[in-house]
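Peer 1: Below are the chains, spelled out letter by letter.
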Amino acid sequence: MATVAEPLVTRGAMVPIAYSVVRTRRENHDNWTLELEPLDAAIDPIGPGQFDMLYAFGVGEVPISTSGDPEQAPTLLHTIRAVGAVTKALCSAKPGDVVGVRGPFGNQWPLDEATGHELVLVGGGVGLPPLRPALYQALVHRDELAGLHLLYGGRTPRDLLFTRELETWRARSDMSAGVTVDAGDADWHGNVGVVTKLIPSAPFDPANAVAFVVGPEIMMRFTARALLERGIPAERIWISMERTMRCGIGLCGHCQLGPTLICRDGPVYRWDEIAPLMEVQQL
Amino acid sequence: MSETLAAGDLGALFGALRARGYRIVGPAVRDGAIVHAELSGPADLPAGWTDEQEPGSYRLKRRDDEALFGYSVGPHSWKQELLPPRVRLWQAQRENGDVAFDEELPEDEPTAFLGVRPCELAAIEIQDRVFLGGRFQDADYAARRSTVFLVAVECGEPSALCFCAAQGSGPGATAGFDLAFTEILDGEHRFLVRAGSPAGESVLADLPTRPATREDVDAAGLVVASAARAQKGRFDAEGVHDLLLRNLDSPFWDEVAERCLSCGNCTLVCPTCFCTHVEDTSSLDGATAARDRVWDTCFSLRYAEMHGGNTRPTTRARYRQWLTHKLATWEDQFGTSGCVGCGRCIAWCPAGIDIREEVAALRTTEHSALRTREEQHAHA
Amino acid sequence: MRTLDALITESPVFKGLLPEQLDLIAGCGKNVVFESGARLFREGDPADTFFLVRHGIVGLDAYVPNRGQVTVETVGAGEIVGWSWFVSPYRWHFTGRAVEDVRAIEFDAACLRTKCETDPALGYDLVTRFSQVIVGRLQATRLQLMDVYGNGG
Numbered sequence: 090m091a092t093v094a095e096p097l098v099t100r101g102a103m104v105p106i107a108y109s110v111v112r113t114r115r116e117n118h119d120n121w122t123l124e125l126e127p128l129d130a131a132i133d134p135i136g137p138g139q140f141d142m143l144y145a146f147g148v149g150e151v152p153i154s155t156s157g158d159p160e161q162a163p164t165l166l167h168t169i170r171a172v173g174a175v176t177k178a179l180c181s182a183k184p185g186d187v188v189g190v191r192g193p194f195g196n197q198w199p200l201d202e203a204t205g206h207e208l209v210l211v212g213g214g215v216g217l218p219p220l221r222p223a224l225y226q227a228l229v230h231r232d233e234l235a236g237l238h239l240l241y242g243g244r245t246p247r248d249l250l251f252t253r254e255l256e257t258w259r260a261r262s263d264m265s266a267g268v269t270v271d272a273g274d275a276d277w278h279g280n281v282g283v284v285t286k287l288i289p290s291a292p293f294d295p296a297n298a299v300a301f302v303v304g305p306e307i308m309m310r311f312t313a314r315a316l317l318e319r320g321i322p323a324e325r326i327w328i329s330m331e332r333t334m335r336c337g338i339g340l341c342g343h344c345q346l347g348p349t350l351i352c353r354d355g356p357v358y359r360w361d362e363i364a365p366l367m368e369v370q371q372l
Numbered sequence: 049m050s051e052t053l054a055a056g057d058l059g060a061l062f063g064a065l066r067a068r069g070y071r072i073v074g075p076a077v078r079d080g081a082i083v084h085a086e087l088s089g090p091a092d093l094p095a096g097w098t099d100e101q102e103p104g105s106y107r108l109k110r111r112d113d114e115a116l117f118g119y120s121v122g123p124h125s126w127k128q129e130l131l132p133p134r135v136r137l138w139q140a141q142r143e144n145g146d147v148a149f150d151e152e153l154p155e156d157e158p159t160a161f162l163g164v165r166p167c168e169l170a171a172i173e174i175q176d177r178v179f180l181g182g183r184f185q186d187a188d189y190a191a192r193r194s195t196v197f198l199v200a201v202e203c204g205e206p207s208a209l210c211f212c213a214a215q216g217s218g219p220g221a222t223a224g225f226d227l228a229f230t231e232i233l234d235g236e237h238r239f240l241v242r243a244g245s246p247a248g249e250s251v252l253a254d255l256p257t258r259p260a261t262r263e264d265v266d267a268a269g270l271v272v273a274s275a276a277r278a279q280k281g282r283f284d285a286e287g288v289h290d291l292l293l294r295n296l297d298s299p300f301w302d303e304v305a306e307r308c309l310s311c312g313n314c315t316l317v318c319p320t321c322f323c324t325h326v327e328d329t330s331s332l333d334g335a336t337a338a339r340d341r342v343w344d345t346c347f348s349l350r351y352a353e354m355h356g357g358n359t360r361p362t363t364r365a366r367y368r369q370w371l372t373h374k375l376a377t378w379e380d381q382f383g384t385s386g387c388v389g390c391g392r393c394i395a396w397c398p399a400g401i402d403i404r405e406e407v408a409a410l411r412t413t414e415h416s417a418l419r420t421r422e423e424q425h426a427h428a
Numbered sequence: 103m104r105t106l107d108a109l110i111t112e113s114p115v116f117k118g119l120l121p122e123q124l125d126l127i128a129g130c131g132k133n134v135v136f137e138s139g140a141r142l143f144r145e146g147d148p149a150d151t152f153f154l155v156r157h158g159i160v161g162l163d164a165y166v167p168n169r170g171q172v173t174v175e176t177v178g179a180g181e182i183v184g185w186s187w188f189v190s191p192y193r194w195h196f197t198g199r200a201v202e203d204v205r206a207i208e209f210d211a212a213c214l215r216t217k218c219e220t221d222p223a224l225g226y227d228l229v230t231r232f233s234q235v236i237v238g239r240l241q242a243t244r245l246q247l248m249d250v251y252g253n254g255g
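In order, the protein sequences belong to chains V, F and G.
Quick note: to get the working numbering, add 89 to the position in the first sequence (first position is 1).
Quick note: to get the working numbering, add 48 to the position in the second sequence (first position is 1).
Quick note: to get the working numbering, add 102 to the position in the third sequence (first position is 1).
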């Protein structure tokens with residue numbers, strides 16, 4: 090993987106920029122979306138697939154993908170799962186609180202690759218938020234696509250994200266949306282089973298499809314396999330990788346996966362390029 | 049053009065550097081090792097000392113002459129100065145719901161590095177690529193780097209562990225310095241001096257040198273040539289990148305993992321290792337917060353910790369990460385090898401693991417595995 | 103109104119069947135419709151049929167004391183429901199329920215079992231196809247078991 094080309098002197102890339110929490114929205118039992126506005130200077134516009142390092146005052150920093158509409162810049166939307174000290178602090182932020190933002194970092198979903206093709210978005214669990222900006226952009230440029238499809242799998246119905254939006258997407262005539270859960274409940278009247286099960290019968294033509302996949306690594310592996318079996322070539326499947334990050338700017342070494350730095354060369358990777366690295370255990 | 053400086057006149061170098069406002073850091077004997085310390089004059093240099101290094105061992109030994117730079121390298125590298133172990137990145141104040149972040153940059157403190165070995169020049173160049181060559185620069189490193197004056201001293205006395213010649217980073221200094229010195233002990237104790245930059249030429253002009261004779265130049269060349277010759281056959285660097293990346297699942301890693309303590313000493317002494325992590329702190333009243341950048345090591349168990357687990361929980365995986373990064377994937381990430389052949393990781397490893405031997409062992413392991421498979425096919 | 107043959111080959115499971123084989127299988131099939139909520143088959147009952155779903159979703163439920171009916175998996179358009187028909191003891195392991203309105207082809211398993219006995223080539227072909235169905239389900243089930251979205255996924 091090539092080193093990044095443009096030398097851009099950015100002093101203070103480790104210093105957060107102050108953003109104010111405008112609104113918080115509880116998406117489900119352990120996920121919140123923060124809506125942030127810059128207090129003064131804003132970061133550069135963030136594209137689908139990219140991430141910011143979000144700082145909770147005095148607690149710490151975590152990398153979180155953008156989950157918002159790029160057209161809404163400079164407003165930032167980040168959907169966060171409360172799993173550790175920092176994310177719990179961020180998820181309990183109130184309007185008016187200040188959150189530190191560094192970014193945008195990483196590369197973007199290659200929406201250009203989808204022009205003229207059918208775009209298939211497959212999200213597993215908290216993999217849906219990083220896909221949502223791509224979906225928004227795809228809807229804006231819908232006439233440039235041959236088709237648009239969303240496949241989303243969650244653990245149980247109460248773990249699903251963006252449920253109201255999911256309903257509007259399902260109702261649209263210019264895209265298809267399939268949702269499934271690993272385990273249903275008494276009120277669930279939809280698909281039960283892993284998200285890969287939605288692939289064989291999803292209404293897209295694999296010969297003309299481009300897929301973006303996000304979810305736990307093992308879900309992405311199984312999904313890529315199912316997409317390949319369906320007939321989408323490996324060069325048209327893109328995934329989003331994750332590793333521990335401390336700086337987000339390619340200088341601390343933590344996010345290495347073999348020859349690639351995920352914060353710099355990723356997090357979006359083409360399947361045929363990243364798959365060999367994912368096969369080596371504990372790489 | 050080369051000049052010759054008598055060893056007794058080395059004090060003039062200190063004077064010229066100080067006159068230009070530089071603080072001088074160079075080799076000094078401390079606690080049984082030659083480390084980097086602030087120097088006030090030539091008397092602080094480790095005159096008459098050399099080092100004896102073996103895997104897992106470093107000892108100082110008295111020479112029978114008064115060579116000022118007659119050793120190889122000690123546990124310190126110049127990353128101690130350019131990438132200090134702990135650096136404050138910023139402080140933040142929270143008041144009335146507003147937060148102000150104040151970046152902290154290092155004080156302007158021009159420093160002259162005296163006694164930079166060619167392998168260390170190469171290491172600085174490698175770290176320059178990491179911290180200054182990408183899309184995002186490290187502001188702290190850039191600030192410190194911009195006020196440094198490099199006085200290289202070529203090697204005449206490689207340790208048993210040195211393999212800079214195999215890595216193409218020494219023992220001669222060709223570029224990247226302001227001044228380069230070569231210590232000549234044959235005959236008059238003197239130095240051949242070359243300038244490598246306008247700043248170096250300016251300082252050189254202030255030194256009581258005489259033009260170098262043919263003899264001086266040859267003597268200096270001999271010093272470097274014999275240092276190179278002494279390293280013959282120490283490390284086969286041929287195809288190391290591909291060798292390592294072909295063998296990520298080799299049983300070789302299990303064997304070395306049995307010896308490796310995962311202590312991280314190698315990463316501490318390595319002049320190119322650059323991994324850091326951040327420490328976020330806050331005051332008890334929650335009004336102020338700060339972030340420090342501190343050295344980290346990929347051997348730490350917590351290095352690859354992610355929510356929900358650890359992507360490198362075994363020593364085997366962490367040792368593999370370190371060695372393949374150093375000798376292989378560093379090239380993919382930054383365009384050069386990460387290793388300059390200084391041998392520090394070998395001396396300072398408590399288990400005495402020698403990466404030159406390990407690479408050779410991997411070649412053998414791969415070769416035997418291939419032979420075994422060929423034989424199996426032949427008999428099939 | 104399309105023929106049964108044409109409807110059967112819509113499914114990936116039956117793709118590539120020879121015309122004679124297709125006729126044999128179609129001879130055991132008929133179109134059926136289930137309203138949302140209706141039960142297709144009950145856990146424990148003799149497995150005399152299997153279904154090829156054409157439209158809608160069939161849920162496979164198990165009764166769990168204290169939890170009631172739990173849907174372990176759903177099966178949709180183009181998929182097969184039921185393989186217990188050719189594996190002894192030929193009894194349904196789950197209850198099948200129409201989650202939405204379902205249109206399917208119902209196959210008479212006894213009829214098909216007899217035809218397989220007299221035509222081993224057909225039998226082998228069907229076993230191969232159904233094995234693929236089972237393997238696919240097994241892999242999906244294993245992925246489900248791994249609970250990858252749980253905390254730490």
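For the record, the hints were derived by calculation from the structure and aren't laboratory data.
Since the structure is predicted, the reported quantities are computational estimates derived from the model, not experimental observations.
Any given hint could turn out to be false.
[Stated by the list, open to error] A short list of chain F residues far from chain V (calculated; beta carbon distances all over 10 angstroms):
| no. | residue |
| --- | --- |
| 1 | E151 |
| 2 | G248 |
| 3 | A278 |
| 4 | L309 |
[Stated by the list, open to error] Covered stretches of chain V, as calculated for chain F (at least 3 residues, CB under 8 angstroms):
| no. | stretch |
| --- | --- |
| 5 | 185 to 195 |
| 6 | 204 to 216 |
| 7 | 241 to 248 |
| 8 | 265 to 271 |
| 9 | 365 to 372 |
[Unchecked claim] Footprint (simulated), chain G over chain V, 3 or more residues, beta carbon under 8 angstroms:
| no. | stretch |
| --- | --- |
| 10 | 282 to 289 |
| 11 | 302 to 314 |
Glycine included, each C-beta is placed from N, C-alpha and C at the ideal position.
Peer 1: Now look at each hint and say whether the structure bears it out.
Peer 2: For each hint, the structure was consulted:
1. Non-interface status of E151(F) relative to chain V is broken: a Cβ of that chain comes within 10 angstroms, the nearest being about 5 angstroms off.
2. With 10 angstroms as the threshold on Cβ separation, the claim that G248(F) sits away from chain V holds: the shortest Cβ distance comes to roughly 25 angstroms.
3. Its beta-carbon lying about 33 angstroms from the closest one in chain V, A278(F) satisfies the requirement of being farther than 10 angstroms from that chain.
4. Taking the minimum C-beta to C-beta distance to chain V, about 18 angstroms, the non-interface status of L309(F) holds against the 10 angstroms cut.
5. Remark: the stretch 185 to 195 of chain V is confirmed as covered by chain F, as 4 of its residues place a Cβ nearer than 8 angstroms to a Cβ of that chain, reaching the required three.
6. Counting residues of the stretch 204 to 216 of chain V whose CB lies closer than 8 angstroms to any CB of chain F gives 0, which falls below the minimum of 3, so the coverage claim is violated.
7. For the stretch 241 to 248 of chain V, the stated coverage by chain F is not satisfied: 0 residues place a CB nearer than 8 angstroms to a CB of that chain, which falls below the threshold of 3.
8. A count of 0 residues in the stretch 265 to 271 of chain V with a Cβ less than 8 angstroms from any Cβ of chain F is obtained; the coverage claim is therefore unmet, three being the minimum.
9. Look at the stretch 365 to 372 of chain V against chain F: 4 of its residues bring a Cβ nearer than 8 angstroms to a Cβ of that chain, three or more, so the hint holds.
10. Counting residues of the stretch 282 to 289 of chain V whose CB lies closer than 8 angstroms to any CB of chain G gives 5, so the stated coverage by that chain holds, three being the minimum.
11. Coverage of the stretch 302 to 314 of chain V by chain G holds [criterion: at least 3 residues with CB-CB distance below 8 angstroms; count 5].
Checked against the numbered hints given earlier, this structure breaks hints 1, 6, 7 and 8; the rest are met.
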